[in-house]
Amino acid sequence: MGLVITPLETPRRFNPLDQPMGTFQKLGGRELVWRFDGGDITSDGGALVLKKLEERTGIVRRFAACFEDYRSAKQIEHPLLDLITQRVFGLALGYEDLNDHDDLRRDPMLAVALGKDDVKGAQRRRTQDRGKALAGKSTLNRLELTAPDYDGSPLQKESNKPETKKIVVDPDSIDALLVDLFLEAHEQAPDRIIVDLDATDDPLYGQQEGRFYHGYYGDYCYLPLYVFCGEQLLCSRLRRSNTDASADSVEELEPLVARIRQRWPAVTIWLRGDSGFCRENLMAWCESEGIDYVFGLAQNARLKKQIEAQMAQAEERYQQTQASARVFTEFLYATEKTWSRERRVVAKAEHLDKGANPRFIVTSLSQEQVATQELYEKVYCARGECPENRIKEQQLDLFADRTSTSKMWSNQLRLYFSSIAYVLLQTLRRTALAGTELEKAQCGTIRLKLLKIGAQIRVTLRKVWVSLSESYPYATLFARVLANIEAGCISP
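Read in order, the letters of the sequence shown correspond to residues 49 to 540 in the numbering used here.
Subject to a maximum C-alpha distance of 25 Å in a straight line, what follows is the list of computed BS3-like cross-link-like pairs (lysine-lysine):
1) K488 / K440
2) K164 / K185
3) K497 / K440
4) K164 / K99
5) K511 / K168
6) K122 / K180
7) K164 / K500
8) K168 / K185
9) K122 / K168
Don't read these hints as lab results, they were simulated from the structure. Here the structure is a predicted model, which is why all the values come from computation and not from measurement.
Produce the complete structure using the sequences and hints provided.
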């Protein structure tokens with residue numbers, strides 16, 4: 049069955065409903081009538097982009113390979129790859145909840161994106177399922193609720209009840225996949241990469257496993273750890289919030305760095321993070337591994353005393369110009385108890401309208417490698433774009449904070465799904481959208497302008513016709529993106 053994409057032309061004739069909906073209105077002497085008789089129309093016509101992107105990159109297929117499916121092949125209608133693709137595409141299209149899929153399962157456009165032969169669901173086994181080509185929430189739920197130690201047994205542990213949830217995920221494989229996708233995105237090894245660490249709050253509103261109150265965020269939450277390199281995601285780990293922001297950083301970084309160095313043995317690695325990661329064990333590990341670091345350093349009385357002269361100088365400049373003034377300096381510093389050695393500290397003595405604003409960073413980089421002001425303004429402050437804005441994309445646009453299941457490991461799986469959806473859209477942005485008006489757009493904007501397109505779907509004997517709206521304002525961009533993907537400009 050072929051797939052044909054056409055603009056949506058003038059409305060075709062359909063059998064009208066017996067009664068129009070709504071109240072009659074007059075528009076220039078014309079009567080306004082509302083009817084639900086438009087046939088199969090979707091708001092997700094841009095799912096075609098996701099379909100073509102996945103065909104080129106295989107990102108979701110490789111993600112699906114990290115799962116083990118113990119279900120009987122003879123008894124299933126939705127293969128594992130279809131379930132995982134449906135879930136990832138749903139997140140990319142803006143559907144955060146499994147409940148959404150009880151309606152989406154009727155959408156032939158999503159069925160087309162998944163490559164279903166029966167896009168209308170007319171051949172489903174059970175009568176009540178006909179007209180629903182895709183899986184509903186209960187079937188998708190099997191992805192999340194299978195115990196991580198399930199071994200394929202037909203019976204539940206310590207029970208004679210049959211085990212119905214038989215899809216197991218391998219977290220280590222997903223962690224490795226995220227790093228591999230990052231490595232494969234480069235045609236050649238870079239001379240240097242900057243790896244960012246960051247933690248954020250994931251508010252909880254139930255009695256989820258691992259929930260704790262966090263004083264800084266003022267709420268019950270998880271404290272996930274993210275690792276990025278530029279815009280590319282390398283790690284997303286869900287953690288309890290009764291821990292330090294840097295907890296398990298070394299444990300997460302060791303296999304990640306080893307995998308990078310295996311592929312790129314000569315690459316120089318810089319590690320960057322805020323003051324929550326300025327910890328002796330992490331800095332000492334970096335020094336032993338030949339990794340340079342730049343971390344924020346929380347201010348204290350000793351540090352402030354070190355820059356009293358620079359603060360006075362900045363205040364004097366401010367009084368003269370009434371504009372914010374900065375003076376940079378550096379010195380060697382060690383804490384009284386926790387650090388094992390002195391380290392280079394760069395200080396920003398700043399005076400603003402609101403008063404003094406001193407800031408400090410600690411680094412293993414020398415003055416010869418990076419000058420004082422450049423280190424602070426161009427290296428450290430770049431954290432505002434990556435990773436902070438990238439984490440916002442995952443949480444606000446791809447629902448990484450939708451961790452509402454009762455078990456922590458199933459919430460970690462939800463975070464993985466969000467992460468793969470982010471990788472998919474970031475790959476689209478980095479490749480097919482390069483040179484377009486959306487090359488720097490956030491995931492939510494890409495969804496709004498490229499994926500949420502009104503379209504009509506008609507199925508004939510030999511073709512599936514996808515008629516996109518003629519009034520779609522980004523038709524030229526859409527055609528260009530599809531052409532870029534078809535031309536093979538995509539790598540993972």
